[in-house]
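Listed below, chain by chain, are the residues.
There are 2 protein chains.
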Amino acid sequence: MRKIENFEAYNPVKLHFGKGVTDKLGDSVKNYGNKALLVYGKGSVKQHGYYDIVVEQLKKAGVDIVEYPGIKPNPVIEDVREAVKKGKENNVDVIVALGGGSVIDSSKIIAASLATGIEPWEIMMWQKHPDKSLPVICVLTLAATGTEMNAAAVVQNNETGQKNGYVNPVLFPKESFLDPSFTLTVPADYTAYGIVDLIAHALENYFGKGEPPVIDAITFEIIKNAVNSGEKLMKDLSNYNLRADIMLDATLALNGLTQYGKAGGDWGVHAVGHEISLLFDTPHGATLSIVYPAWLKLHKNKIPGRISKLTNALFETPDVDKGILKLEEFFTSIGSPVRLSDIGLENETGKIFEQLRKNKVSGMNHQLNDEDYKTLLELMR
Amino acid sequence: MRKIENFEAYNPVKLHFGKGVTDKLGDSVKNYGNKALLVYGKGSVKQHGYYDIVVEQLKKAGVDIVEYPGIKPNPVIEDVREAVKKGKENNVDVIVALGGGSVIDSSKIIAASLATGIEPWEIMMWQKHPDKSLPVICVLTLAATGTEMNAAAVVQNNETGQKNGYVNPVLFPKESFLDPSFTLTVPADYTAYGIVDLIAHALENYFGKGEPPVIDAITFEIIKNAVNSGEKLMKDLSNYNLRADIMLDATLALNGLTQYGKAGGDWGVHAVGHEISLLFDTPHGATLSIVYPAWLKLHKNKIPGRISKLTNALFETPDVDKGILKLEEFFTSIGSPVRLSDIGLENETGKIFEQLRKNKVSGMNHQLNDEDYKTLLELMR
Numbered sequence: 019m020r021k022i023e024n025f026e027a028y029n030p031v032k033l034h035f036g037k038g039v040t041d042k043l044g045d046s047v048k049n050y051g052n053k054a055l056l057v058y059g060k061g062s063v064k065q066h067g068y069y070d071i072v073v074e075q076l077k078k079a080g081v082d083i084v085e086y087p088g089i090k091p092n093p094v095i096e097d098v099r100e101a102v103k104k105g106k107e108n109n110v111d112v113i114v115a116l117g118g119g120s121v122i123d124s125s126k127i128i129a130a131s132l133a134t135g136i137e138p139w140e141i142m143m144w145q146k147h148p149d150k151s152l153p154v155i156c157v158l159t160l161a162a163t164g165t166e167m168n169a170a171a172v173v174q175n176n177e178t179g180q181k182n183g184y185v186n187p188v189l190f191p192k193e194s195f196l197d198p199s200f201t202l203t204v205p206a207d208y209t210a211y212g213i214v215d216l217i218a219h220a221l222e223n224y225f226g227k228g229e230p231p232v233i234d235a236i237t238f239e240i241i242k243n244a245v246n247s248g249e250k251l252m253k254d255l256s257n258y259n260l261r262a263d264i265m266l267d268a269t270l271a272l273n274g275l276t277q278y279g280k281a282g283g284d285w286g287v288h289a290v291g292h293e294i295s296l297l298f299d300t301p302h303g304a305t306l307s308i309v310y311p312a313w314l315k316l317h318k319n320k321i322p323g324r325i326s327k328l329t330n331a332l333f334e335t336p337d338v339d340k341g342i343l344k345l346e347e348f349f350t351s352i353g354s355p356v357r358l359s360d361i362g363l364e365n366e367t368g369k370i371f372e373q374l375r376k377n378k379v380s381g382m383n384h385q386l387n388d389e390d391y392k393t394l395l396e397l398m399r
Numbered sequence: 019m020r021k022i023e024n025f026e027a028y029n030p031v032k033l034h035f036g037k038g039v040t041d042k043l044g045d046s047v048k049n050y051g052n053k054a055l056l057v058y059g060k061g062s063v064k065q066h067g068y069y070d071i072v073v074e075q076l077k078k079a080g081v082d083i084v085e086y087p088g089i090k091p092n093p094v095i096e097d098v099r100e101a102v103k104k105g106k107e108n109n110v111d112v113i114v115a116l117g118g119g120s121v122i123d124s125s126k127i128i129a130a131s132l133a134t135g136i137e138p139w140e141i142m143m144w145q146k147h148p149d150k151s152l153p154v155i156c157v158l159t160l161a162a163t164g165t166e167m168n169a170a171a172v173v174q175n176n177e178t179g180q181k182n183g184y185v186n187p188v189l190f191p192k193e194s195f196l197d198p199s200f201t202l203t204v205p206a207d208y209t210a211y212g213i214v215d216l217i218a219h220a221l222e223n224y225f226g227k228g229e230p231p232v233i234d235a236i237t238f239e240i241i242k243n244a245v246n247s248g249e250k251l252m253k254d255l256s257n258y259n260l261r262a263d264i265m266l267d268a269t270l271a272l273n274g275l276t277q278y279g280k281a282g283g284d285w286g287v288h289a290v291g292h293e294i295s296l297l298f299d300t301p302h303g304a305t306l307s308i309v310y311p312a313w314l315k316l317h318k319n320k321i322p323g324r325i326s327k328l329t330n331a332l333f334e335t336p337d338v339d340k341g342i343l344k345l346e347e348f349f350t351s352i353g354s355p356v357r358l359s360d361i362g363l364e365n366e367t368g369k370i371f372e373q374l375r376k377n378k379v380s381g382m383n384h385q386l387n388d389e390d391y392k393t394l395l396e397l398m399r
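The listed protein sequences correspond, in order, to chains A and B. Just so we're aligned, residue 19 is where the first sequence starts under the numbering used here, counting upward by one. Just so we're aligned, residue 19 is where the second sequence starts under the numbering used here, counting upward by one.
I should point out that these hints are in silico values taken from the structure, not numbers from a laboratory. The structure presented is a predicted model; accordingly, all values stated were derived computationally and were not measured. Heads up, some of the hints might be wrong.
Since copy identity is lost for identical chains, a pair holds within one copy or between any two.
[What the hints assert, rightly or not] Straight-line distance between alpha carbons at most 25 Å, and here's what the computed PhoX-like set of lysine-lysine pairs gives:
1. Lys103 with Lys90
2. Lys242 with Lys21
3. Lys21 with Lys250
4. Lys392 with Lys378
5. Lys103 with Lys60
6. Lys369 with Lys315
Just chain A, with the same shape it has in the complex:
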């Protein structure tokens, strides 16, 4: 059996990491354009002063600014469309994304649509593929999704009832600025959801096809670090070192590294989680801490060796039941839900079941069928 699958790796994102790195933001953006579309969310970046830092940088470098604020935590295609319209009207030549996953994911699709004229939802539906993009520069304010160093974007369409992911190398940001002190103000709940999200990314790749020894080991270290430093961070939210630790960890979990030697990841848990977010606007990370334990229980007899290797590495127990319980306890300890009942959705399993069926939700390595949906939902309830 071949343990290391054939793979391709490519990631041209330039990362600037550390305290004060946005000092170079203006000059970097100026290298790519003269008129920036500044995309951000619901105002917390203004409240905490990150907006002012970015605007001052752009102004100092002589970059004109057009703004698109108001991106929602579960980003919607309407905002992407409106931003494209605004970008086109104003002839912007570079996108500056100030925020977390929702802002950056939206910005990637905005940029690709602006450069090619393709309607944004056609991109998200994999119907038309952009062959170029406007340059995207990220200023990250949330450690979670890894989007700052990958070529993926997730956007939802409330009209059609779909939340899709799209991946294309043209979506890679050109440069990403990661100042951990920009995450010092993230509240406890979203800090926890970010930790869950990064762990889930490492797990999705771990459960993809292929068992490369060194990548398995590295993936475990990424998760162990999230557990160890995550626990500390939740008790000390304004600790720079711990914020930096988790920020770096989140980038590593989904910048391609954990996919080396793999024929792709699984992504079944994310797929289920997305449907819950779509139906109830549940924060992404909160869905993952509910779905993953259930998914592991569903698969514990199908892939016992793989799950046992995981629980052994993370919690020093080859007993998968004990290991899964430990993971649940960790999620609970940082304040992320592990059952639908924790977020008042225990009576919605019928609705979720229909949604999973409608969108034929599945993993790529481990398929899910109707029977699996039922078992999963029972375990999640």
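Given chain A, put chain B in place with the hints provided.
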């Protein structure tokens, strides 16, 4: 204390990894040029058929070939100059490097010199910095140096008595083809030297400034994997899985990953090793298995915590003396020397001392002075 140092990360190399990946080589090269300078070594690539595979690929894609064979295991600036001359005369527009570290390192400098007209040794001496390069495509035949996915090159000048390393983002290969089956024919000694080299790369970065928890942990896993799979590989040289395992490990050890969160690496051991190679044409990896144990002994009282963390992770002992002995035993077990006497150089310490002094050899994080040279050489003898 800040544990995670500010850093930049950037690595645009496209990696093709796995059995049969060179099936796409011709088309890839054709994207970059029509006339390739094919650089290779002393003939083993012909003997084992890799040369034929590459030439067939290039011909099929309609790429004209000019050849520069004969690159030496410790590559010399004369070959680089001659290859530049040949490339210029023939107007090549892309470089195909078929070989290990010496061939690829030489090719990087050939490509940069061809694109800019800068004299190769002026590049190696950091006197003039190329701002562009011809595209370099690598076909790797030896798991060791990591050069296939980084922007560094080491070349020596026998006339001036210097062996220098140069780093510049323009040196990144465009694409690298890593088929582990191309390494199945590497003999035992060079297989061992490659394992030593990759371990030394991880260690050089570990001993750089900064203690990022997740990167420390990842670095340990890279080394542990080299030890575990390396031991097995030495007993089973034609095992594809083990060759793939070590090949991937070597790339990870020096593709930038182990430098995340660090303000550079140390590189003192490499610097000492280079001088020995220069004086006695000793294989690079063989010098490192001699110098590293001595360097660790020299530093065990200066940075006990750091070395103890390492020995604990690798060999489950916080006792640095025991840990260093374990590392020596591992090097010995795979057939790499751990003392100068193992390669008949025990009476050359005076000559090496003078050479270290002459070239002011030192690490970047941990300085070395004359007294250190003496202690090191005594420990290495």
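Structure-based check of all given hints:
1. Lys103 with Lys90: Intra 18 Å, inter 59 Å, cutoff 25 Å: intra-copy only.
2. Lys242 with Lys21: So Lys242 and Lys21 pass the 25 Å test inside a copy (23 Å) and across (18 Å) alike.
3. Lys21 with Lys250: between (35 Å within a copy, 15 Å between copies)
4. Lys392 with Lys378: within (14 Å within a copy, 70 Å between copies)
5. Lys103 with Lys60: within (19 Å within a copy, 60 Å between copies)
6. Lys369 with Lys315: Within one copy only: 22 Å inside a chain, 65 Å across chains, cut-off 25 Å.
Checked against the numbered hints given earlier, the structure satisfies every one of them.
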